[in-house]
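Visitor: When you get a sec, could you build the whole thing from the sequences and use the hints?
Residue numbers (the working numbering), protein chains in the order written: chain G, 1 to 116; chain U, 1 to 116.
For the record, the hints were derived by calculation from the structure and aren't laboratory data.
These figures come from a predicted structure and were not determined experimentally.
Treat the hints with care, as some may be off.
Said to hold, decoys possible - Okay, the calculated bits of chain G under chain U, using three or more residues with CB under 8 Å as the criterion:
1. 21-35
2. 79-85
3. 94-101
To be verified - Distance windows between CB atoms, simulated:
4. G:Arg112 with U:Arg92: 24 to 30 Å
5. G:Glu68 with U:Trp98: 50 to 56 Å
6. U:Val67 with G:Cys64: 48 to 54 Å
7. G:Glu106 with U:Arg92: 31 to 37 Å
8. G:Thr76 with U:Pro69: 36 to 42 Å
9. U:Ser30 with G:Val67: 45 to 51 Å
Heads up, the beta-carbon is just placed ideally off N, CA and C, and yes, glycines get one too.
Chain by chain, the residues:
There are 2 protein chains.
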Amino acid sequence: MASSTKTLRKIQADPIACCSPVRTSMLDGSDAQILAQSFAALADPIRLTLLSIVASAKGEVCACDLVEPSGRSQPTVSHHMKILVDAGLVSREKRGLWVWYAAVPERLDALRNALR
Amino acid sequence: MASSTKTLRKIQADPIACCSPVRTSMLDGSDAQILAQSFAALADPIRLTLLSIVASAKGEVCACDLVEPSGRSQPTVSHHMKILVDAGLVSREKRGLWVWYAAVPERLDALRNALR
DNA sequence: CGATCGTATCGATGATCGTCGATACGCACC
DNA sequence: GGTGCGTATCGACGATCATCGATACGATCG
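Guide: Below, the structure is given as structure tokens:
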């Protein structure tokens, strides 16, 4: 018996300006925790594929256009997109019956910046 | 050039020049696979901490200086360093009784470059 | 030699993850 | 309201992972 649905906060720190670079200064524990969570979102080939589809598109992409190219079931795609959204790498907007995703380039920039 | 003549372990592809950018073009499956494996090496707070210790140091760091600041046991540190080495992010050299690690900045640059 | 020291591997365990079928939810249109 | 459609959640399963004690490996030194 698990606890009730945990309403965990999306990102524990500012998603854009977080984290000191890996290469120039030593990380403290909480920075490492947040950074690791972000990289974990990229540590799956299906998520990278989904992200590349969304990020390479001009503007938004409909969720319905992600299932077939990823080769995974609809629940699996939804699961992975949620991880990308929770990591702040992708934004989600529901309009009518469809859900539209868009990349958050600032977040990718922040991760790139952490890799120095 | 700059391809090392050392006996590189089994890295599935050229560790420096791999993978097309996420943001501008769509990934194919094998690229996504390799990239995901690299990011998986960064998807753990202990490994990020270890990497930051090695990368922020001038030159090399002795393995014996990694156990205490990471707060993990020696086998665990050895395990994580192996993952970082296998990912090409860190080089390993045994001299006498000690093992010395050094960052591979080209590899970090390659990962940064993939995040576009 | 044999003793000692630093590091890697092994084995086991508990936790987390990726996956998909079934199903619930929410919106639109009749 | 009822029906149909797109998406999210649930439940379960097998696979992978992080962790550490015990131990093996290998180099140094007496």
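Visitor: All the hints need checking, so say for each whether the structure fits it.
Guide: Going through the hints against the structure:
no. : hint                              : verdict
1   : 21-35                             : holds (count 10)
2   : 79-85                             : violated (count 0)
3   : 94-101                            : violated (count 0)
4   : G:Arg112 with U:Arg92: 24 to 30 Å : 26 Å, holds
5   : G:Glu68 with U:Trp98: 50 to 56 Å  : 53 Å, holds
6   : U:Val67 with G:Cys64: 48 to 54 Å  : 50 Å, holds
7   : G:Glu106 with U:Arg92: 31 to 37 Å : 35 Å, holds
8   : G:Thr76 with U:Pro69: 36 to 42 Å  : 39 Å, holds
9   : U:Ser30 with G:Val67: 45 to 51 Å  : 21 Å, violated
Consistency with the previously given hints fails for numbers 2, 3, 9, ordered from lowest to highest.
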